[in-house]
Amino acid sequence: MLSVVARGALAACLLLFVQAPVVRFDSARNLFLLENWPGAAQMPAERYRDVLQVFVDAPDVPAMLGQYRVDAGALVFSPQYPIQPGVKYRAVARIPGTSPITVLVDIPKPAVKSTTVVERIYPSVNVLPENQLKFYIHFSAPMARGFGYDHIVLRDQNGAIVKVPFLELTEELWDPTGQRFTLFLDPGRIKRGLVSQQQLGMALIEGGRYTLSIDKGWKDAQGNPLAADFEKIFTVGPADRQPIDLRAWTVRDPASGTRNPLTLVFPEPLDHAILERDLDVVDASGAVIEGGVAIGPEEKSWIFTPDKAWKSGLYTVRLGTAIADLAGNMINRPFEIDVFDKVDEELLHFKYVFPFAVQ
Amino acid sequence: MVDGSLTADGGKMTKFRLTMCALLALTLFATSGAAADLTDSLKLGKADLKSVGVLAFGPDGVLFAGDSMGGQIFAIDTQDRTPSTASAVEVMGLTGKIAAMLGTMPDQITLNDIAVNPASKKTYVSVSRGIGVNATPVIVRIDTTGKLEALSLDNVKYSSVALPNPVNASTGGRGGNSRLQAITDIAFLDNRVFVAGLSNEEFSSTLRSIAFPFNSADKGTNVEIWHGSHNQFETNSPIRTFLPYKVNGEQTILASYTCTPLVKVPVSSLKSGAKVMGTTIAEFGAGNTPLDMIAYSKGGKNYILMSNTSRGVMKFSADGLETFSPITKQVPDKAGVPYETIATLTNVAQMDQFDAQRVVILEKSGDLRTVALP
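Protein sequences appear in the order of chains E and R. Here my numbering is used: position 6 in the first sequence is 6, and no number is missing along the way. Here my numbering is used: position 293 in the second sequence is 293, and no number is missing along the way.
Any given hint might turn out to be false.
As the list claims (entries may be wrong) - Computed cross-link-like contacts, DMTMM-like style, restricted to lysine to aspartate or glutamate with a CA-CA straight-line distance of at most 20 Å: (1) R:Lys147 - E:Glu168; (2) R:Lys364 - E:Asp283; (3) E:Lys88 - E:Asp60; (4) R:Lys147 - E:Asp150; (5) R:Lys157 - R:Asp48; (6) R:Lys264 - R:Asp319; (7) E:Lys109 - R:Asp107; (8) E:Lys311 - E:Glu290; (9) R:Lys364 - E:Glu46; (10) R:Lys364 - R:Asp107; (11) E:Lys88 - R:Asp107; (12) E:Lys311 - E:Asp283; (13) E:Lys219 - R:Asp107; (14) E:Lys216 - R:Asp107; (15) R:Lys264 - R:Glu250; (16) R:Lys147 - E:Asp60; (17) R:Lys147 - E:Glu46.
To be verified - Reference listing, derived: stretches of chain E covered by chain R, where coverage requires no fewer than 3 residues with Cβ under 8 Å from a Cβ of chain R: (18) 32-44; (19) 164-172; (20) 219-230; (21) 318-328.
These aren't lab readings, by the way, just hints derived from the structure by calculation. Think of the CB as a built atom: it goes at the ideal place given N, C-alpha and C, for glycine as much as any other residue.
Start from the sequences and build out the full structure, keeping to the hints where you can.
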C-alpha cells in the first residue's frame with residue numbers, strides 16, 4: 001500500500017506528466033498543435049510563430065507557410081499547402097524558459113501500383129514524311145510536367161540515338177488535362193536553309209526506319225512511373241512540301257431523317273488534334289449543327305455524327321485555317337512558302353468550306 | 001473634405017473657393033496620375049491564376065505574369081516600390097528553400113521564371129507547387145538579404161486579360177478544348193503588353209500587343225511574325241523570347257525563334273491582323289533554343305546578353321544592329337551579328353537584370369546568384 005504522501009506525489013507527477021506541453025500532428029485535420037501550454041491563450045498573435053514553427057525536415061530551410069490560431073487552449077498551425085505524403089516534417093515548439101520540443105512527423109506515402117500508360121501516339125500511321133513536324137503522345141492519366149524530354153528517345157535502324165531531334169521547351173506543351181504531350185521535331189532541322197538544318201541535317205532521313213521510345217521512368221501526376229515502356233516504330237518517306245488540296249477530298253453524304261455520320265475523306269493523314277477542333281458543320285442559314293466528331297483510321301477521315309437527324313438541304317463543312325497535314329502544310333499554303341502575301345486569317349478563320357447536300 | 005458652410009462671410013467663401021481649387025487641383029493631379037501610375041486601374045481581389053510562368057516588371061511595382069493554363073495575363077500590384085541600392089542577392093539552394101516553405105520536396109516544384117523589381121531589387125520567382133496540371137501557382141519574393149516570402153494573391157490589386165483561344169470561335173464549343181497557348185515571353189513597353197506564345201497544336205507565331213490598362217473589349221492586336229528569306233523560304237515561326245529595344249532610334253522588337261535566329265521587327269509595323277517579316281540579323285548555330293535576353297550598357301557600349309538551352313550565355317553588341325544586312329541566303333554556320341560565349345556563365349536556367357552593372361542568375365542547380373554583366 002502506498003502511503004498518502006506517496007500517492008499524492010504520484011498524482012502530482014501524473015498531473016505534471018499529463019499537463020506537460022505536447023506537440024502533435026492531427027492527421028485527420030492536417031494541423032500541427034502545441035497543447036497543454038497555458039501560455040498560448042495569453043500570447044499576442046504576432047508571437048505565435050516565435051513559439052511554434054513547422055519545417056520540412058531538411059537542413060537550412062525556412063519555416064513552412066501557414067496560419068496560426070489558438071483553439072481550445074492549443075496553439076494551432078494550419079499549413080497553407082496540403083501536407084504531402086512521402087515528406088518528413090519537423091515541428092518545433094520554443095516555449096520561453098524551456099528547452100525546445102521537436103517532433104518529427106513522417107507522412108507515409110502509400111504504395112501505389114503504376115497504372116498509367118502511353119495509350120497511343122499520333123500520327124497513327126507508320127510511314128511518315130521526312131519533314132514530319134510533330135507527335136502527340138496520349139497518356140491514360142494526367143502526367144507530371146517538366147520531365148518529358150528526359151524520357152523520349154529517337155533511334156535509327158542501327159539503334160543509334162538521333163541527336164537533338166526535338167524542339168525542347170522548358171514550358172512543355174500539354175493539353176489542359178495533362179494527358180497529351182505535344183512533341184515538335186526541331187523546326188530548325190526541317191526548314192530548308194537554316195544553320196541547324198545544314199549542320200545537323202534532317203532529323204529523319206528518307207528510307208530510314210526509326211523507333212520513338214518512351215521510357216517508363218516518366219512519372220505521372222501522382223509521382224508514379226509508367227506501367228510500361230512504349231515504342232512507335234516507323235519508316236520515313238519523302239518530304240511532303242505540298243499544300244493540302246481540297247480537290248482531292250471526297251464527302252459521303254448522310255441521308256435525311258437519319259443520324260448517319262457525314263464523312264469527309266482525304267488522301268493523306270492530317271493533324272489529329274486540329275482535326276478534332278477546327279472543322280464544323282453549318283446549315284444553309286449558317287446555324288451550327290451540333291454533334292460529335294470522330295477521326296477515322298490513319299487520320300484520313302473526319303466523321304461527324306449530328307445530335308439530331310439530318311434534314312434535307314444544303315450544308316457546309318467549314319474548315320479552319322489551322323488544318324494541317326503531318327508536315328505542317330495547310331490548305332493551299334505549304335509549311336514553307338516563297339511568296340509574301342497579306343494574311344487576314346484573323347478576320348476570316350473559315351476561309352475554306354466544303355459544301356454537301358442531304359437528300 | 002469640403003468646408004461647405006455657404007455663408008455671406010467673405011472669409012468662409014474664400015476658404016471654400018480655396019478648398020474647391022485645392023480639390024480641383026487634386027482631381028487634375030489624380031487624372032494625370034492615372035497615366036503616370038500603373039496601379040490605378042487595378043482592383044482589389046483574388047488574382048485567380050491557374051498557373052504562373054513568365055514574369056516581367058512594369059513601372060510602379062506592377063508585375064506582369066503569364067498564366068498559360070488559364071490563357072490570361074495578370075498585372076499585379078506588388079506594392080514594392082521602395083528603392084534599394086543593394087548590390088546583390090544570393091540564395092544557395094533556392095529550389096530546396098522554396099520547396100520547404102511550401103511544405104514539399106524540390107522534385108515537387110518547378111521554378112518557372114524570375115524577374116527583378118528594378119526599384120526594390122527584390123527578385124520574384126514564379127513557382128508551380130506540384131507536378132501535374134493542377135499544380136498550385138505561387139509567386140515568391142526574395143529580398144536582397146535572401147529572405148523569402150510568398151506574394152499574397154488572395155487579396156491584391158490586380159487586373160487580367162484573357163488571350164483569345166481560336167478553338168472557341170471555330171467549333172461552337174463542341175467537344176473538349178485541348179488547345180493551349182504556352183506563353184513564352186512577356187514585356188511591357190509604352191503602355192502596351194507584348195506577349196509571345198506557342199500553341200500546343202499548330203506551329204505558328206502569335207505576338208500579341210495588348211493595351212494597358214487592360215480592357216475586356218480590347219484583346220490586343222495579333223501579328224504573325226514570319227521567319228523569312230532563308231533560301232527564299234518562309235515559315236510562320238514561334239517566337240521563344242524577345243526584347244523591346246531601340247535600334248538606331250527606332251523602337252524595335254528583337255526576337256529569337258525556337259531555332260535561334262535573331263530577328264528585328266519595328267514596333268510600328270505591329271498592327272492588327274498584319275503579317276510582318278522579321279529581318280534576320282543573326283544565326284547562332286544549331287541544336288539550341290534561346291531562353292532570355294537582356295540589354296545593358298558597359299564602357300559606353302551597348303550589349304545584349306542571351307541565355308540558351310545548350311549554347312550557354314552569349315553576348316553580342318547592340319550598337320549598329322541596323323548596319324547588319326538581312327541574312328537572305330544560306331550561311332555555313334553562325335552569321336550576321338558576331339557574338340561571344342561567356343565561359344563563366346554556365347548552367348543558367350533563368351536570368352534577369354539586377355541593375356546597370358549586374359545580372360541575377362538562377363542556375364540549373366537551384367542556386368540564385370548575382371554576377372557582374374560581362
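Taking the hints in turn, this is what the structure says about them:
Taken as a hint, the Lys147 of chain R and Glu168 of chain E pair is broken in the structure, with Cα atoms around 33 Å apart against an allowance of 20 Å. The hinted pair formed by Lys364 of chain R and Asp283 of chain E fails the criterion: a straight-line CA distance of about 55 Å is larger than 20 Å. With a C-alpha separation of about 15 Å, the suggested pair Lys88 of chain E and Asp60 of chain E falls inside the 20 Å cut-off, and the hint holds. Restraint check for Lys147 of chain R and Asp150 of chain E: the C-alpha separation of about 33 Å exceeds 20 Å, so the hint is violated.
At roughly 12 Å between alpha-carbon atoms, Lys157 of chain R and Asp48 of chain R fall within 20 Å of each other, so this suggested pair holds. With a CA separation close to 14 Å, the supplied pair Lys264 of chain R and Asp319 of chain R stays within the 20 Å bound. Our distance criterion of 20 Å between C-alpha atoms is met by Lys109 of chain E and Asp107 of chain R, whose separation comes to about 15 Å. Distance check on the hinted pair: Lys311 of chain E and Glu290 of chain E sit about 13 Å apart at the alpha-carbon level, within 20 Å; holds.
Of the supplied pair hints, the one linking Lys364 of chain R and Glu46 of chain E is violated, its CA atoms being roughly 37 Å apart against a limit of 20 Å. For the hint pairing Lys364 of chain R with Asp107 of chain R, the CA-to-CA distance comes to about 13 Å; that is within 20 Å, so the pair holds. The straight-line distance between the Cα atoms of Lys88 of chain E and Asp107 of chain R is roughly 14 Å, inside the 20 Å bound, and the hint therefore holds. For the hint pairing Lys311 of chain E with Asp283 of chain E, the CA-to-CA distance comes to about 10 Å; that is within 20 Å, so the pair holds.
Between Lys219 of chain E and Asp107 of chain R the CA atoms are separated by roughly 11 Å; this keeps the pair inside 20 Å, and the hint holds. Annotation: proposed proximity of Lys216 of chain E to Asp107 of chain R holds, straight-line Cα distance about 18 Å (limit 20 Å). Between Lys264 of chain R and Glu250 of chain R, the direct Cα distance comes to roughly 11 Å. Compliance with the 20 Å bound is thereby established for this hinted pair. Annotation: proposed proximity of Lys147 of chain R to Asp60 of chain E holds, straight-line Cα distance about 12 Å (limit 20 Å).
A C-alpha spacing of about 18 Å is found between Lys147 of chain R and Glu46 of chain E, which places the hinted pair at or below 20 Å, so the restraint holds. With 0 residues having a Cβ less than 8 Å from any Cβ of chain R, the region 32-44 of chain E misses the three-residue criterion, and the hint is violated. Under a criterion of three residues with beta carbons nearer than 8 Å to beta carbons of chain R, the stated coverage of the region 164-172 of chain E is upheld, 7 such residues being counted. For the region 219-230 of chain E, the proposed coverage by chain R is satisfied: 5 residues have a C-beta within less than 8 Å of a C-beta in that chain, meeting the threshold of three.
With a cut-off of 8 Å between beta carbons, the region 318-328 of chain E has 5 residues touching chain R; three or more are needed, and the interface restraint holds.
Violated hints for the displayed structure, listed by number in ascending order: 1, 2, 4, 9, 18.
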